[in-house]
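Taken in order, these protein sequences are the chains called H, F and S. Note that our numbering gives residue 115 to position 32 of the first sequence, counting from 1, and the numbers run on in steps of one. Note that our numbering gives residue 669 to position 188 of the second sequence, counting from 1, and the numbers run on in steps of one. Note that our numbering gives residue 77 to position 5 of the third sequence, counting from 1, and the numbers run on in steps of one.
Note that these hints are calculated values from the structure, not bench results. Keep in mind that the hints are not guaranteed to be accurate.
[Claimed, not checked] To give a feel for the contact side, a few chain S residues facing chain F, derived at Cβ under 7 Å:
| no. | residue |
| --- | --- |
| 1 | Phe-84 |
| 2 | Ala-256 |
| 3 | Val-259 |
| 4 | Ser-260 |
| 5 | Leu-272 |
| 6 | Ala-274 |
Predicted, not measured: the structure shown is a model, and the values here were computed from it. Beta carbons: idealized from backbone N, C-alpha and C, even for Gly.
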Amino acid sequence: MIEARELTKRFGRLTAVNELTFTVRPGQVTGFLGPNGAGKSTTLRMILGLNAPTSGTATIDGRPFRLEGTGLRRVGALLDAGDVHRGRSAQAHVAALARSNGLPRERVTAVLREVGLSEAARRRVGEFSLGMRQRLGLACALLGDPPVLIFDEPINGLDPEGIRWARALFRRLASEGRTVLVSSHMMSEMEHTADHLIVVGGGRLIADEPLSEFAARASRPTVTVRSEDSRRLSAVLTAAGGEVMQLGNGSLTVAKLSTSQIGEVAFSNRIMVYEVAVTSGALEEAFMELTASSVVHRAAES
Amino acid sequence: MTAAQLSQPLRLRRAAPMRTRARFADLYAAEWIKLWSLRSTTLTLGAAVALALYLAGSNSAGGTRLPTGPSGPIDPNHAAFDGPSWIPSMIGVAMIGALALVGEHASGLIRTTLVAIPERRRVVVAKAAVLASVTAATALVAAVGGLLLAFATTPGELHGRSLTNPASLDAIGASVAVLPVCALTGMALGALLRHAAATGFAVCAVLGFGPLLIRPDGNRLATDLANVMPYYAWGRLTSAGRGSSGTMTAGEACLILAAWALASIVVTAVVLDRRDV
Amino acid sequence: MSTPIPRNRARFGDLVAAEWIKVRSLRSTYGLMAFGLLFAVVAAWWEGAHVRVAPGAAAQFNPLVYPYNDATWEFITVLAATFGVLAVAGEYSSGLIRATFTAVPDRRRVILAKGVVVSTHMALFGVLTSLASLYVAGAALSGQLSGLSLDRPDILRAAAVSAALPVLGALAGMAIGALIRHPAGAVSTAWGVLLFLPTLLASGTIGLGWATQVMPVAAWEAISRSTYGTPHPNPVPAVGVAWLLMAAWPLLSLAATSVVVTRRDV
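Take the sequences, apply the hints, and build the full model.
Listed below in structure tokens is the structure:
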């Protein structure tokens with residue numbers, strides 16, 4: 084169980100995390116979601132005692148993490164796959180961590196095999212790809228068989244097979260009764276993994292609820308249309324009262340019109356349509372709507 | 482890889498004791514693995530020993546420039562513990578100490594380390610212990626080897642051709658102390674500066690340039706400043722005529738070396754304890 | 073097409089401008105130069121303020137010793153070398169070098185542009201530091217010694233060669249940075265080559281005493297004549313050779329940097 088109480092972190096005049104209060108419960112995968120710069124990593128670092136909060140508290144199983152004598156048996160964490168010395172072999176890196184917590188040597192081989200790095204164990208980490216470093220980070224998190232696991236953007240750089248494997252891993256860990264907190268800036272990633280969502284934006288808590296409730300928030304279902312002449316279709320759909328966004332490769336996203344209305348408009352204007360589909364990204368939509376007002380690094384309008 | 486494969490290794494089979502506090506021996510072993518798994522450690526220590534031996538040999542072989550004092554036989558300590566010849570070794574081990582800290586910060590490894598061991602001060606103490614013991618062993622090899630070389634190659638009459646005479650023992654002891662002091666100083670500078678190039682610069686400035694810039698033969702202030710440097714404290718104990726022999730006692734020299742070591746550990750611990758990583 | 077077709081080869085001026093932006097956008101540039109200037113000023117004041125000249129003995133003193141103290145300028149040289157090291161090794165350690173060489177595949181021109189920018193900065197830094205040293209030492213010596221003025225040809229010569237010394241140091245630093253690439257390793261190598269190596273060589277331990285004379289600081293000493301008495305404790309080259317060395321060091325350093333960077337994978 085992870086608890087944050089009015090957690091606040093200021094860097095000079097910038098408030099990175101603002102009075103964040105939430106609880107992460109065992110037995111489920113909790114998604115920690117927010118756009119870039121929302122304060123996710125800072126929050127995780129405060130939970131792990133790496134950064135000192137300006138005010139408020141963060142505890143793991145009721146205790147501040149800094150008070151622990153050994154960490155790996157309590158918490159496994161993957162914060163940044165780059166948090167490894169590039170000059171060391173994977174084997175040496177994991178062995179040193181294991182030794183520091185008094186864990187048996189077989190454990191090193193076991194977790195490296197688990198993440199599929201047995202072959203590469205003797206190579207220097209500097210030669211690893213991003214995906215391999217993510218796997219190495221996951222291996223370190225699993226090392227102490229901990230009841231609490233924290234992963235910051237763990238999917239970055241993994242290949243499709245690796246992503247499936249990682250999702251299965253998170254679900255499995257949760258089903259074993261562990262507390263699993265996975266952060267991401269992409270809603271689509273959470274869709275397949277999380278049971279519960281904590282959403283932050285601009286350092287503040289925006290939502291803390293089960294995934295199903297969160298999905299129901301999407302106010303506007305949208306439709307994706309692919310056609311031979313998307314420019315003309317866009318014009319006529321807008322004229323018919325739709326809100327249209329160009330996606331490129333001839334696709335449009337349309338809101339405020341149903342699939343049948345779109346079909347009618349296209350037919351009466353003699354525009355060939357290849358595909359009409361309701362967008363399944365209701366979660367994505369809800370997420371975008373919720374965080375829109377808090378996005379720090381908003382892309383410039385072009 | 483399928484989910485079915487996952488279950489087995491996740492559980493720690495042989496229930497390892499759930500330690501609420503890491504044993505110091507384990508922390509030491511972990512830092513030991515970290516130190517030796519970097520190529521630069523072996524290279525630097527090897528180079529330090531090789532250079533010290535080479536310089537001791539060439540110092541004694543070129544015996545002409547060894548000061549023989551007012552009269553009497555040559556002091557082999559002059560060859561084996563020539564001041565400038567040891568500066569590269571001092572800087573080398575200080576760089577190892579510095580990189581032990583800077584490397585963790587620069588790569589972000591420090592976060593991984595501190596999640597494993599949240600008690601930061603113990604990490605610092607373990608790191609310091611590994612650095613000190615490894616560099617002390619290096620110094621022992623360099624000092625004894627250098628002396629033996631000096632015994633073997635110095636032409637003419639020697640003042641005490643034995644490792645066990647008091648002057649030799651003092652010099653060996655001082656060397657075994659000074660390299661760890663330098664390594665710990667490097668560690669403290671690394672903790673303060675965190676930036677690789679800045680730390681390298683500071684290490685060279687403090688341990689290498691300092692003794693060249695401030696010599697204990699100028700005015701009172703310069704002498705006092707010089708005497709608190711590890712280089713001159715070591716020079717006093719090896720009595721190799723670095724001009725400071727008369728300006729402090731052997732006891733003061735030992736105190737100065739101990740103070741540097743202790744202050745370095747304290748600075749590193751306090752700095753790391755207070756910092757967001 | 074209304075947009076002009078870009079040249080397929082960047083103008084050298086553009087490369088220099090790009091390197092200029094890189095150097096100027098780093099805090100370390102300003103910190104390093106400010107630190108060097110401060111160090112030189114404090115050292116010049118310290119040297120000057122502690123001199124007691126007996127009445128009528130002024131002729132026996134060489135006033136150049138105070139603003140152009142050898143330890144101070146050795147330090148300035150190493151500081152400049154650190155600047156050069158960072159300009160090259162910083163790109164390697166951050167991986168920026170790949171982006172740079174992707175943008176401009178002709179590596180030699182990049183190195184040359186970098187050399188131009190580094191030299192310009194160090195020349196400016198050298199002039200400032202040299203003049204500041206001169207005037208601060210002059211002020212500290214007032215009432216004791218006079219004659220520290222650029223009107224005298226020997227003082228002018230010493231001031232000029234001191235202003236040039238950081239350029240030598242920085243270009244040597246670039247070569248060391250290109251060879252070693254790791255910032256900490258390269259910085260300590262720069263110290264070793266420029267400062268500890270001459271000391272070791274001069275002590276005759278390695279038996280290559282003559283080699284001291286080809287080091288930048290020895291050339292500088294030969295030209296600036298800012299030494300306590302004669303004979304000089306360390307061997308220095310003849311003045312003509314010293315001027316040659318002042319020209320040879322930058323050129324050879326740039327050539328070495330260029331060869332190393334061109335030959336190696338990044």
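Here's how the hints hold up against the structure:
1. Phe-84: Since chain F brings no Cβ nearer than about 28 Å to Phe-84 (chain S), farther than 7 Å, the hint is violated.
2. Ala-256: This hint holds: Ala-256 (chain S) lies near chain F, its Cβ roughly 4 Å from the closest one there, short of 7 Å.
3. Val-259: At 4 Å from the nearest chain F Cβ, Val-259 (chain S) passes the 7 Å test, so the hint holds.
4. Ser-260: 5 Å, holds
5. Leu-272: With Cβ-Cβ at 6 Å, under 7 Å, it holds.
6. Ala-274: 9 Å, violated
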